[in-house]
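Please build the complete structure, drawing on both the sequences and the hints.
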Amino acid sequence: MARIALGDLYLEWDRLEDAAVAYERALELNPDSEQAKGADRGRGGAGVCSYSLLQPGALLGEAIESVLSKFTEASN
Amino acid sequence: MELDPENADLRLRYGQFLVPVDRREAVEQHLAVVEMFPGVPEYRIKLGAALMLAGAGEAADEEFERAIYLDPLSAVLRSDIGGANLAAGRPERALVHYENALELDPNSQLYAFNLGTVHAQLSTQDGRDEEHFEEAEALLQSVE
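If you're matching them up, the sequences are chains F and R in order. Using our numbering, the letters of the first sequence map in sequence onto residues 2 to 77. Using our numbering, the letters of the second sequence map in sequence onto residues 62 to 205.
Just so you know, these hints were derived from the structure itself, not from any lab. Treat the numbers as computed from the prediction; the structure is a model and nothing was measured. Ideal placement from N, C-alpha and C gives every residue a C-beta, glycine not left out. Be aware that a few hints might be false.
Claimed, not checked - Not everything, but these chain F residues come out facing chain R in the computed CB check (under 10 Å):
id, residue
1, Met2
2, Ala3
3, Arg4
4, Ala6
5, Leu7
6, Asp9
7, Leu10
8, Tyr11
9, Glu13
10, Trp14
11, Asp19
12, Ala23
13, Leu30
What the hints assert, rightly or not - Covered, in the sense of this in silico footprint (three residues per stretch, anywhere, with C-beta under 8 Å from a C-beta of chain F), are these stretches of chain R:
id, region
14, 171-179
15, 182-194
16, 197-204
Shown next as C-alpha cells:
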C-alpha cells in the first residue's frame, strides 16, 4: 500500500517516471493482490483507457494505465 | 436495546448506524455509552468522532483530550483520533495526532504510513507544498 500511495503522490506532482517506478515496485512486492491482478488486466487489455488524474487509493491497475496514458500523450 | 440498555457494544453499533440518518441521535447513543463507562478512552474517541460528524468540532476535541488524559501513552488512541479527524475532513488536526502516534511508537510502519498519506494529501490541498511533499515521500519510502 505504501508504494501505491507513493505512486499516487508522484502522480499528483506530475513526476510520472517516479510514479511508474513506485507502482512497478508495488507490483513486485505484491503480485498476487487483487490490485496487482487489476494491473495485469489493465496491461493485457485491447486498449489503454485514458484516465484522469487519480485520487489517492485508486486501484493499482488504473494507476499504471494512467501513467502509461500520460506517457503516450507526452510522446504524441 | 430496550432488553439490554447497558450493552455498550450494541449502543455503539446503533450509534454508528444512525450517523448518516440522524446525527443528533447518534451522538446521544455514544454519549450514553460514555456516561456508563466514563473511564474507557476508546468510547470517548467514538463519541468525539460522532460529535465531529454532527458539526460539534470543539466538543469533539474536548472528548479527544479527555481520552488522551485517560491513556496518555497510547499510540493507538492517538492514531484513532487522527483517523477520526481525517474522516471528518480535518487533515491538519489528523496530522498532529498521527505525529504523536509515531512519536509514541516510532517503529510502527502503520503510523508512518498514516502520517505519510496525510502529508501527501496536504501537499496538494491548497496549491503545492514542498515541505509536505518531502515529508510524505520520506515516510512512504520508509514503509515496506
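Identify whether the interface hint at F:Leu7 stands, where standing means a beta carbon of chain R within less than 10 Å of its own.
4 Å, holds
Can F:Ala23 be said to touch chain R, with a Cβ gap under 10 Å?
8 Å, holds
Does F:Asp19 pass the interface hint, meaning its C-beta sits closer than 10 Å to a C-beta of chain R?
At about 9 Å, which falls below the 10 Å cut-off, the nearest Cβ of chain R leaves the hint on F:Asp19 intact, so it holds.
Let's test the interface hint: is any C-beta of chain R closer than 10 Å to that of F:Trp14?
6 Å, holds
Regarding the hint that F:Asp9 lies at the interface with chain R, is the smallest CB-CB distance below 10 Å?
Holds, because the Cβ-Cβ distance from F:Asp9 to chain R comes to roughly 7 Å (cut-off 10 Å).
Residue hint F:Leu10, partner chain R, criterion CB-CB below 10 Å
4 Å, holds
Using a Cβ cutoff of 8 Å, are there at least 3 residues of the region 171-179 of chain R near chain F, or does the coverage claim fail?
It holds, with 3 qualifying residues against the three required.
Cut-off 10 Å, beta-carbon criterion: hint that F:Leu30 touches chain R
7 Å, holds
Does F:Ala3 meet its interface restraint, that is, does its C-beta lie within less than 10 Å of any C-beta in chain R?
Cβ of F:Ala3 sits 4 Å from chain R, so the hint holds.
Apply the coverage criterion to the region 197-204 of chain R and chain F: a residue qualifies when its Cβ sits closer than 8 Å to a Cβ of the chain, and three qualifying residues are needed.
n = 5 at 8 Å, threshold three: holds.
Quick one, is the F:Met2 hint okay against chain R at 10 Å, beta carbons?
It holds, given that the least Cβ distance between F:Met2 and chain R is near 7 Å, below 10 Å.
Does F:Ala6 pass the interface hint, meaning its C-beta sits closer than 10 Å to a C-beta of chain R?
5 Å, holds
In summary, this structure violates none of the numbered hints.
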